[in-house]
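A.B. asks: Each chain, written out:
There are 2 protein chains.
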Amino acid sequence: MDNNKIISSAVIRRLPRYYRYLGELIEGGIQRISSNELSSKMKVTASQIRQDLNNFGGFGQQGYGYNVKSLYDEIGKILGIDRTHNMVIIGAGNLGQAIINYKDFEKRGFIIKGVFDNDMRLEGKIISGVSVMMIDKMTDFIKENNIEIVALTIPKKSARELGKIVADAGVKAIWNFAHTDLNLPDDVIVENVHLSESLMRLSYTIANMSKE
Amino acid sequence: MDNNKIISSAVIRRLPRYYRYLGELIEGGIQRISSNELSSKMKVTASQIRQDLNNFGGFGQQGYGYNVKSLYDEIGKILGIDRTHNMVIIGAGNLGQAIINYKDFEKRGFIIKGVFDNDMRLEGKIISGVSVMMIDKMTDFIKENNIEIVALTIPKKSARELGKIVADAGVKAIWNFAHTDLNLPDDVIVENVHLSESLMRLSYTIANMSKE
DNA sequence: TAGATTGTTAATCGATTAACAATC
DNA sequence: TAGATTGTTAATCGATTAACAATC
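Going down the list, the protein sequences come from chains A and B. The letter at position 89 of the first sequence is residue 89 when you use the numbering used here, and the numbering goes up by one with no holes. The letter at position 102 of the second sequence is residue 102 when you use the numbering used here, and the numbering goes up by one with no holes.
Honestly, the hints are just simulated from the structure, not real lab data. Just to be clear, a hint being listed does not mean it is correct.
Which copy is meant is left open, because identical chains are indistinguishable; a pair holds if it fits in one copy or across any two.
As the list claims (entries may be wrong) - When the alpha-carbon atoms are kept at most 25 Å apart in a straight line, the in silico DSS-like pairs for lysine-lysine are as follows:
(1) K157 - K107
(2) K43 - K164
(3) K103 - K172
(4) K5 - K137
(5) K156 - K41
(6) K41 - K125
(7) K107 - K143
(8) K156 - K107
(9) K143 - K113
(10) K103 - K113
(11) K164 - K41
Kindly generate the complete structure, drawing on both the sequences and the hints.
C.D. replies: Right under this line is the structure:
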């Protein structure tokens with residue numbers, strides 16, 4: 001595998017979906033699959049599957065197809081979930097709590113080490129085993145606990161401010177749920193989840209399907 | 001504007017972001033903007049902005065630029081948020097509650113008419129003015145209240161089942177937060193929010209930025 | 001009018017699909 | 001070996017960027 005080749009984001013966007021389907025095949029006890037079979041399950045072209053995978057190496061075998069388990073593991077490695085990532089949540093509201101309670105993230109190696117909030121009434125509260133701390137303790141906590149990822153589940157104004165602070169504290173990536181762009185230096189990774197944009201795309205499709 | 005032209009999904013994906021930036025310009029009291037100024041704010045090319053907008057009509061004026069307020073309104077119309085949409089949530093957990101509590105959706109015309117759950121202890125509970133009902137009342141409720149959109153904030157197994165049920169009940173679109181594809185007939189719109197895929201993309205970027 | 005900026009065509013770039021030789 | 005299916009090249013399709021004439 002050529003580690004330096006830059007992979008297009010279109011390919012990266014599809015990898016987690018391959019990973020999910022392969023996981024389900026494993027659960028179903030399937031050991032091998034051809035690009036053609038996977039193609040019909042996932043509703044993408046077999047050609048695309050083979051092209052995508054070959055960006056990372058020849059994981060298949062002619063005449064046989066792909067070994068489900070080993071392809072699953074390879075994609076896991078590519079996605080960087082063959083190791084753990086320490087994470088904190090900023091914002092102990094419903095959305096922050098939803099992320100903490102959703103146990104699958106932890107299963108994939110995303111370890112939630114703490115939740116921060118500025119509501120003093122929440123200080124010391126335990127949410128699903130994770131304790132709520134005040135924002136002023138955050139920078140130290142990030143440095144001492146080797147935190148790589150911060151999830152921002154707070155309103156946009158605070159998100160912009162705290163985004164800067166955690167970037168300065170040295171986190172590698174921000175998972176941003178606030179409805180704003182963060183405008184941080186290029187060495188800080190930002191992955192946005194803009195729910196309102198998703199809902200507007202849905203609304204667009206409603207408006208334009210009905211037309212025909 | 002040519003109502004029948006099919007607009008590429010790449011363009012649609014960008015529209016809500018234009019809408020957001022224009023909204024902020026309005027708040028800031030800005031009345032006109034050129035594609036060049038907007039380009040540097042949004043970090044996309046001016047050419048792309050002009051191309052995107054011209055899919056829907058000539059909203060600008062040579063030598064002047066775009067009127068912020070009227071462009072905002074036009075994009076709102078295109079996105080179908082110039083009218084209201086009735087919506088229900090299935091799943092009264094943290095994620096469902098987060099959506100109910102987030103008042104911006106309501107402001108944009110997405111009216112949450114009810115929440116459904118199968119936990120009998122929640123029956124009749126009021127979450128932010130919206131009452132929790134049991135799943136067996138759902139189909140009737142959807143039909144009687146002209147529900148267009150259903151948000152699925154439940155585990156994947158139930159999501160697949162209830163997705164079919166609400167599709168049969170006649171909803172136009174499903175906003176799917178479950179980590180699965182729904183496989184419904186083509187006339188039902190599905191907009192997926194796969195948080196775990198988003199987190200894996202973030203993880204990929206961490207793994208591959210550190211390499212250089 | 002002169003300057004600014006759009007709308008739109010043409011050029012480039014990138015992503016997807018098709019085809020098939022290589023090979024298990 | 002024969003059949004199946006990959007890996008990979010070539011062809012096509014679509015999206016983005018550049019350029020500039022039209023026009024406010």
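A.B. asks: If a hint holds in the structure, say so; if it does not, say that too.
C.D. replies: So, going through the hints one by one against the coordinates:
Proximity of K157 and K107 under a CA criterion of 25 Å is satisfied inter-copy only: 18 Å between copies versus 32 Å inside one chain copy. In this assembly of identical chains, the alpha carbons of K43 and K164 lie at most 25 Å apart only when taken from different copies (19 Å versus 41 Å within one copy). Taking the closest pair of Cα atoms, K103 and K172 come within 25 Å of each other only inside a single copy of the chain (22 Å); across copies the shortest separation is 31 Å, beyond that limit. In the homo-oligomer, the alpha carbons of K5 and K137 never lie at most 25 Å apart, since the shortest distance is 40 Å inside one protomer and 54 Å across protomers.
Taking the shortest Cα distances, K156 and K41 sit within 25 Å of each other only across copies (17 Å), while inside one copy they are farther apart (39 Å). For a Cα distance limit of 25 Å, the shortest separation of K41 from K125 qualifies neither inside one copy, at 44 Å, nor across copies, at 40 Å. In this assembly of identical chains, K107 and K143 lie within 25 Å of each other by CA distance solely inside one copy; the values are 24 Å within and 39 Å between copies. For the identical chains of this complex, K156 and K107 are inter-copy neighbours only, at 16 Å across copies versus 29 Å inside a copy, given an alpha-carbon limit of 25 Å.
Taking the shortest Cα distances, K143 and K113 sit within 25 Å of each other inside one copy (12 Å), while across copies they are farther apart (45 Å). For the homomeric pair K103 and K113, the shortest alpha-carbon distance inside one copy (13 Å) is at most 25 Å, but the shortest distance between copies (29 Å) is not. Taking the shortest alpha-carbon separations for K164 and K41, only the inter-copy value of 18 Å comes in at or below 25 Å, while the best intra-copy value is 43 Å.
Of the numbered hints listed earlier, those contradicted by the structure are 4, 6.
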